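Given only the sequences and the hints, what does the whole structure look like? Please build it.
From first to last, the protein sequence lines are chains A and B. Just so it is clear: in the first sequence, position 297 is 432 by my numbering, and no numbers are missing. Just so it is clear: in the second sequence, position 75 is 440 by my numbering, and no numbers are missing.
Quick caveat, the hints were computed from the structure, so don't treat them as lab data. As the structure is a prediction and not an experimental result, all values here were calculated from the model. The C-beta atom is built at its ideal place from N, Cα and C for all residues, glycine as well. Where hints are given, some of them may not hold.
[Claimed, not checked] With a Cα cut of at most 27 Å, we get these calculated DSS-like pairs of lysine-lysine: (1) B:K417 - A:K388; (2) A:K206 - B:K456; (3) B:K456 - A:K502.
[As the list claims (entries may be wrong)] Covered stretches of chain A, as calculated for chain B (at least 3 residues, CB under 8 Å): (4) 192-205; (5) 335-349; (6) 361-370; (7) 382-395; (8) 398-405; (9) 471-480; (10) 488-501.
[Said to hold, decoys possible] Sample of chain A residues with no beta-carbon within 10 Å of chain B, all distances over it, derived: (11) F284; (12) K330; (13) A442; (14) K456; (15) Q458.
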Amino acid sequence: MSDTVLSVESDTSSEATEQGQTEQRTRKMTLNMGPQHPSTHGVLRVLLELEGETIQNAIPDIGFLHTGIEKQCEALNWQQVVTLTDRVDYLSNLNNNLAYVLAVEKLLQIEIPPRAQYMRVMLSELSRISSHLVWLGTHALDIGAMSMFMYCFREREELLKIFEFFSGQRLMTSYFRIGGLALEAPRGWEKMVAKFVAEFPSRVDQYVELLDANPIWTSRTKGIGYIDPQRMIDIGISGPLIRATGLAHDLRKMEPYSGYDKFDFKVSTQTEGDVYARYQVRMEEFRQSLRIVKQAMDGMPGGPIQADAPKIVLPDREKMKTQMESLIYHFKIVTEGFSVPEGEAYVAIEGPRGELGYYVVSDGSNKPLRVHMRTPSFGNIQGLPALVEGRLIADSIAIMGSLDFVLGDCDR
Amino acid sequence: MLPEAIQEEVLAKAVDQFDSSAITAGHKQHGDLILEIAADKIISVLTYLKSKEQFNRLSTITAVDRYPAQPRFEIVYQIQSMDRNLRLRLKVRIGGAKPEIDTATGVWQGANWYEREVFDLFGVHFRNHPNLARILMPEGYEGHPLLRDFPTHGHKYSYQNE
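Next comes the structure, spelled out in structure tokens:
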């Protein structure tokens with residue numbers, strides 16, 4: 136806790152009594168944790184009101200990473216906004232791309248070809264794995280299992296190489312576009328993904344072996360951080376935290392989008408609802424995501440990767456050189472974008488952290504009137520006070536790790 | 366009276382039966398049911414939907430600024446029923462010099478931060494909110510950035526004369 140600053144609010148530790156003797160009393164104090172504390176995973180500041188080492192109240196202070204993304208969306212045209220969605224949750228940018236493009240496509244009412252849908256599913260599952268890997272590495276690092284961090288980042292590197300191979304970018308991919316994908320997948324992607332799919336299950340077993348055999352890990356996670364599931368829902372917590380209490384709340388099954396109903400997978404749930412159960416839920420999600428990736432690879436349909444919507448999708452380069460219409464469409468799309476019919480749509484997908492929803496409103500012009508992001512981290516951090524109340528400071532580190540928040544996602 | 370477009374909707378009928386003056390307008394778009402609720406009825410409607418219609422989850426509360434149209438703001442409630450696997454969008458139109466609406470924190474605890482965000486970015490006041498303070502912008506910040514008449518660039522500093 137080298138970064139924390141002590142600020143003693145009311146010092147009543149010793150007080151002279153009538154007999155002139157000093158009496159020891161519990162010292163109540165406010166501890167300022169963050170915004171630069173490593174276990175807050177970004178710039179979250181939490182004010183902890185402590186009685187001894189027990190947390191009586193925690194007040195999260197957010198907004199340090201607020202960059203006005205929702206405001207900027209209103210100044211860009213529909214397709215350009217995709218690049219901003221990458222920067223919301225920078226650990227699972229493909230999922231953010233997906234939620235946004237699905238919402239706009241719902242307004243446009245265009246049909247996405249099956250190949251693009253399968254690619255989207257495959258890549259967003261890989262993105263989920265990569266996001267969970269960061270969670271596992273940092274969560275274990277906070278609790279003292281240093282080597283996990285190295286192992287997880289080793290595997291994440293493989294995934295980033297895959298993303299770079301597909302889109303040319305490791306982190307800010309912007310690979311999903313309104314109407315399909317940005318590019319056709321480069322030759323040789325099957326080999327790359329297949330290699331990862333073949334190797335990764337044994338890695339997951341390794342992680343489980345490393346952590347479950349570690350008595351420090353189990354004693355610091357088991358039985359910690361349980362609250363009533365109904366209260367969790369009431370506060371607005373979603374994702375793996377809810378599933379760890381036994382509720383199969385997974386939007387991939389409940390409201391299948393982008394063809395998720397064609398895939399066979401199990402919603403990963405546990406019943407204990409503690410930090411350890413959340414860990415188990417995410418470990419199972421590694422395996423289920425891999426199953427989806429494998430099915431998507433095996434059943435990958437051929438055909439176009441972009442919808443048949445010439446006013447929205449950029450035309451083929453070759454056609455542009457020979458056909459007048461394609462040239463005109465290209466010019467129009469590049470200079471002024473396309474307009475989206477008046478209306479509004481809300482699309483929620485199951486992001487790695489929970490319900491990731493995009494609410495887009497159009498007034499019929501080439502720029503959004505409003506883009507609202509219902510980000511899972513915002514909802515989950517709101518539940519932090521309820522989760523850490525009455526616990527020890529050391530437990531709060533484990534609980535914060537299990538929440539798996541990203542401050543860029545929370546502050547936008 | 367229910368608007369014609371949603372007369373066959375079970376949920377709209379249920380809300381109408383609960384309070385016949387609550388729904389002011391409504392329509393269905395791309396499969397989503399959207400109900401517009403009178404500003405003074407929203408809390409009772411939300412309470413009814415939560416307790417009687419199993420809408421146990423509040424996804425988000427946000428606002429849309431329709432400037433220069435009046436009334437200017439739409440407060441949008443996205444709610445979900447986990448048991449029935451249903452979603453519903455409720456809207457309230459408010460305007461005036463000092464836009465105000467009742468808080469939904471009594472219905473869902475999680476409404477707290479969403480309402481603070483709407484207050485911070487749009488300047489809409491939520492009556493009886495336990496802690497209506499800025500959440501994303503720094504304390505002491507002037508203005509509400511997501512208003513349509515708030516500039517994207519050059520709010521305080523203009524570089525035009527340089």
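Here is how each hint holds up against the structure:
The hinted pair formed by B:K417 and A:K388 meets the criterion: a straight-line CA distance of about 25 Å does not exceed 27 Å. Simply put, A:K206 and B:K456 have alpha-carbon atoms about 21 Å apart, close enough for the 27 Å limit, and the pair holds. This hinted pair checks out: B:K456 and A:K502 have alpha carbons roughly 22 Å apart, not beyond 27 Å. Only residues whose C-beta sits within less than 8 Å of a C-beta in chain B count toward coverage, and the region 192-205 of chain A has 5 of them, enough to reach three; the restraint holds.
For a cut-off of 8 Å, the count of residues in the region 335-349 of chain A with a CB near a CB of chain B stands at 0, and the three-residue condition is violated. Check result for the region 361-370 of chain A against chain B: holds, 5 residues qualifying (beta carbon to beta carbon below 8 Å, three or more required). Coverage of the region 382-395 of chain A by chain B holds. Counting CB-CB distances below 8 Å, 4 residues qualify, and the rule asks for three or more. Under a criterion of three residues with beta carbons nearer than 8 Å to beta carbons of chain B, the stated coverage of the region 398-405 of chain A fails, only 0 such residues being counted.
Restraint check on the region 471-480 of chain A versus chain B: 3 residues with Cβ-Cβ distances below 8 Å, three needed, restraint holds. With 4 residues having a beta carbon nearer than 8 Å to a beta carbon of chain B, the region 488-501 of chain A meets the requirement of three or more and the stated coverage holds. For A:F284, the requirement that its beta carbon stay farther than 10 Å from each beta carbon of chain B is met, with the minimum near 30 Å. Under the 10 Å C-beta cut-off, the non-interface status given to A:K330 relative to chain B holds; the minimum distance is some 38 Å.
Remark: the non-interface label on A:A442 is consistent with the geometry, its nearest Cβ contact in chain B lying 16 Å away (cut-off 10 Å). Annotated as non-interface, A:K456 keeps its C-beta farther than 10 Å from every C-beta of chain B; the closest such distance is 37 Å. The non-interface label for A:Q458 is consistent with chain B: the shortest C-beta to C-beta separation is roughly 32 Å, beyond 10 Å.
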